[in-house]
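Participant: The listed protein sequences correspond, in order, to chains A and B.
Numbering (the working numbering) for the first sequence: 366 to 749.
Numbering (the working numbering) for the second sequence: 22 to 409.
Among the hints, erroneous ones may be present.
Examples of chain B residues lying across from chain A (beta carbon under 7 Å, computed) [said to hold, decoys possible]: (1) Asp158; (2) Leu191; (3) Pro193; (4) Ile201; (5) Ser208; (6) Ile224; (7) Gly231; (8) Ile232; (9) Ile295; (10) Leu330; (11) Val334; (12) Val344; (13) Thr374; (14) Leu399; (15) Ile401.
Hints listed in this document are in silico derivations from the structure and should not be mistaken for laboratory results.
Glycine included, each C-beta is placed from N, C-alpha and C at the ideal position.
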Amino acid sequence: MKLSTLVRKELGRIRADKRSLILLFSIPIILIVIFGLTTGGSVTKFFNASIISIDELPTYGNYPSNSSEYEDDFAGVFIKGLGSFGFQGYYPCPSKALFLYAYEKNMELLKNEEIDVFFVLPEDFSERIKNQTSSYIAYFVDGSDSQATSAIQVAMQEPIALFRQEIEMTQNLTALIPYLEFEVPFWEKQTLNYAFPLTIPLIIIGTTMNLACLSIVSDEPLPRMLITPTSKGSIILSKLIANALIMVLQAGEIFIGTALFGLYTLGSLFELLLVLLGVGLSGVSIGLFISSLSGTEQQANQLYMILFVVILLFSGVYIDPEGLPTIMRIIVYLFPLAHAIPVIYDLTLKGLPLDLMAFFGLLILSSVYLILSYIIFLFKKVEV
Amino acid sequence: MVKKEFRLIRTDPWNLVIALLLPPGIIILLSSMEQEKVTFSPLPVAIVSNDSKTYINPNNFTKIPVDNYAKPYIDAVIKSFYLFPKAIYNTSKYPYAMEFARRQLLHSEIKCIIVIPVDFTEMLVNGLPGLIECIPDSSRITDIQSNLNAVYDSIRIFTNENNLTPQVNLIPNPALANIIPEINPFSIPQDYNEGFNSTLVIILPLMVFGIANVLTILIIVKEKPIPRLLLTPVKRKEILFAKFLTFSIILFFQELGIILASIFGGLFLRGSIIDLFLAIYMIGYSGLSVGTFISSVSKTKTEANQLFLASFVIMILLSGSFVPIESMPIYLQAISYVLPLSHGGPMIQSILTKGASIFGFHFYMLLGVSLILNILTLIIFYRRRYEV
Chain A
366 MKLSTLVRKE
376 LGRIRADKRS
386 LILLFSIPII
396 LIVIFGLTTG
406 GSVTKFFNAS
416 IISIDELPTY
426 GNYPSNSSEY
436 EDDFAGVFIK
446 GLGSFGFQGY
456 YPCPSKALFL
466 YAYEKNMELL
476 KNEEIDVFFV
486 LPEDFSERIK
496 NQTSSYIAYF
506 VDGSDSQATS
516 AIQVAMQEPI
526 ALFRQEIEMT
536 QNLTALIPYL
546 EFEVPFWEKQ
556 TLNYAFPLTI
566 PLIIIGTTMN
576 LACLSIVSDE
586 PLPRMLITPT
596 SKGSIILSKL
606 IANALIMVLQ
616 AGEIFIGTAL
626 FGLYTLGSLF
636 ELLLVLLGVG
646 LSGVSIGLFI
656 SSLSGTEQQA
666 NQLYMILFVV
676 ILLFSGVYID
686 PEGLPTIMRI
696 IVYLFPLAHA
706 IPVIYDLTLK
716 GLPLDLMAFF
726 GLLILSSVYL
736 ILSYIIFLFK
746 KVEV
Chain B
22 MVKKEFRLIR
32 TDPWNLVIAL
42 LLPPGIIILL
52 SSMEQEKVTF
62 SPLPVAIVSN
72 DSKTYINPNN
82 FTKIPVDNYA
92 KPYIDAVIKS
102 FYLFPKAIYN
112 TSKYPYAMEF
122 ARRQLLHSEI
132 KCIIVIPVDF
142 TEMLVNGLPG
152 LIECIPDSSR
162 ITDIQSNLNA
172 VYDSIRIFTN
182 ENNLTPQVNL
192 IPNPALANII
202 PEINPFSIPQ
212 DYNEGFNSTL
222 VIILPLMVFG
232 IANVLTILII
242 VKEKPIPRLL
252 LTPVKRKEIL
262 FAKFLTFSII
272 LFFQELGIIL
282 ASIFGGLFLR
292 GSIIDLFLAI
302 YMIGYSGLSV
312 GTFISSVSKT
322 KTEANQLFLA
332 SFVIMILLSG
342 SFVPIESMPI
352 YLQAISYVLP
362 LSHGGPMIQS
372 ILTKGASIFG
382 FHFYMLLGVS
392 LILNILTLII
402 FYRRRYEV
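Start from the sequences and build out the full structure, keeping to the hints where you can.
Facilitator: As structure tokens, this is what we get:
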């Protein structure tokens, strides 16, 4: 049988399953609409905070008199509103008993994730400021949130600077002023564009793998076809071409949909489309690999799920491949997203030209999965 | 009936092998990767100093040599454990320094440019704030905060070493007022792998839910003996109950394998292991409930597969893993909180790091959603028409 006839037959089989096709094309659009409508968020950590002050407690250090004149100024900075903090409460405590109560209450709020951090102004907070010596603020941050633990010192620079300005204590203040480079501008769809390099390839790979992973195992006429002179190679090739054609349409749809919803890219759109097609091709190849390996549809579905999780896990987002030993790095690079995601970041946000090494890496990976599918299919026993 | 279900599963043993052995295998692989990976490498930066050694008085145009703070700041960057100054440019000598540095940033040779402004020293000498400009590579949203944190470390060293007082310092978790001891709330101890814990919080719900879901999407729709069984005295609810019981037992062993692999892999657990097991089991059970529901509403295997794909992708996208649920429009938040995957991560996280009890909002939401789906499955299965 001619290859073109086989491809037509394969396309006919896919077309017969109209609902799958509708889903294949509607899921990315739903995703783009969701992310396009999603606004807000911040590039840096936002904290919900509360303040306890024990500044009113008497101090017996090297101070002329007890003072608490600056505690309200510090709390006032939070009450007026800050870029990195939401204010959840202020607890001035004139006695140790009240402090203990406020501390336990805030610990409970921290445990229930109603706040991310609480600050305690110590007994000698105002006295030290009056004495022109360095003062300190204690903080208790939710240690289970590693992002919060590492970000709090930087985030506090804003309220501390405003507080020092308020009380005219600007001498020797050294502050950090960030200017973000290669970021998605705030007037663009930040959520959509920051999520694009991970989610769009993930969706393309997920849907194309799903389409292709049942193409051999659930093809009922396949055993009968093998009685005809049609070779197994032609069958695999026709399935690849048919699924790839659908994938090209899907990638094109995603591309146009994202562009209409505010895709922000500094690099070449054509090169971006090429990378998305490369991701789709690897999805089809992995799907065919699963399909040839599986004995039943359920096995194919299970393997699809496991591989989908593994592809996400080794996408380079959770584990940086550069920090791994060579053998483990090879394992990570056996999966397509580790190649695709950095290229998409470079193309969209840095405007760099296409990294040909990574792109060919994707193509080689697709070929390897395809060859493996062919070999497995060659030895697979099918009965009419 | 349960024996019959197990016999049916035994006809496809590989299916069971995939469900029971591959998830713990993936966890062990993840654990070994997390243990082998380089935990920390300093941030490569370029410093561009515009702070000249001369101050020109605007009143009488006399030149005064001033260089009190630019070099000490550069020394602080060099001393910082978190920073690696890959290049140091003085714009008095290299007028195109900023251009070089930006090119390095573009090609990822450095992750941040630190600029010392022209009036840095003068401002500090005159009792005004000294501002350090920092230009981080912001193409990866997840790296922005850590880059800023690393640069801030140099400012901390700079102010401490140059006796720039008074400062308002931040002290984490100290003992206070002779009442509370020094504590570090909910943090993961240093001898445990924080990366393994945080990755597992994301991956576990996805894997457990997904596998349970995919394991059950075909259990009603593809089973050929059901119409014949209905000719016998067996009731529909018994058939369905047998399926639930069988797959719940499989789920039990699957979750047991996952828990053992996680603990063996070095998972830090502050809460009770029973709570963790119940949490993972509940996530799996919700996957099983969604899968059985899909199987009962589908007329063909293809339809079941389609529904599975559509529901799974939407659940992942709205789970809060990619976009925080709070950032979504209110109607999407409402949908998101009904979907099981949105509850898995927070529930596991609170048990692992805060020692919280499983019986909270997320557990009851999962239980509620699962029970509603179970009832709907039963109703649909009762109304389903079968012909021998």
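Participant: Each of the hints needs a verdict: does it hold here or not?
Facilitator: These are the hints, each one checked on the structure:
Residue-level restraint check for Asp158/B holds (minimum Cβ-Cβ distance to chain A is 6 Å; threshold 7 Å). About 6 Å separates the beta-carbon of Leu191/B from the nearest beta-carbon of chain A, less than 7 Å, and the hint is met. Interface restraint check for Pro193/B: the shortest CB-CB distance to chain A comes to about 6 Å, inside 7 Å, so the restraint holds. Restraint check, Ile201/B versus chain A: the minimum CB separation of about 6 Å is within 7 Å; hint holds.
With a cut of 7 Å, the hint placing Ser208/B at the interface with chain A holds, because the nearest CB-to-CB distance is about 3 Å. Because the smallest distance between the Cβ of Ile224/B and any Cβ of chain A comes to about 6 Å, under 7 Å, the interface hint for this residue holds. Proximity of Gly231/B to chain A holds as hinted, the smallest CB-CB distance being about 5 Å (cut-off 7 Å). For the restraint placing Ile232/B at the interface with chain A, the shortest Cβ-Cβ distance is roughly 6 Å, inside the 7 Å limit, so the hint holds.
A distance limit of 7 Å between C-beta atoms decides the matter here; for Ile295/B the minimum to chain A is near 20 Å, and the interface restraint is violated. The interface hint given for Leu330/B holds, since its Cβ lies 5 Å from the closest Cβ of chain A, which is under the 7 Å cut-off. Using the Cβ-Cβ criterion of 7 Å, the hint placing Val334/B at the interface with chain A is satisfied: the shortest such distance is roughly 5 Å. Annotation: Val344/B was flagged as interfacial toward chain A, and the flag holds, the nearest CB pair being 5 Å apart, inside 7 Å.
With a cut of 7 Å, the hint placing Thr374/B at the interface with chain A holds, because the nearest CB-to-CB distance is about 3 Å. Because the smallest distance between the Cβ of Leu399/B and any Cβ of chain A comes to about 23 Å, over 7 Å, the interface hint for this residue is violated. This hint is violated: Ile401/B has a C-beta 18 Å from the nearest C-beta of chain A, more than the 7 Å allowed.
Against the hints set out earlier in the document, violations occur for numbers 9, 14, 15.
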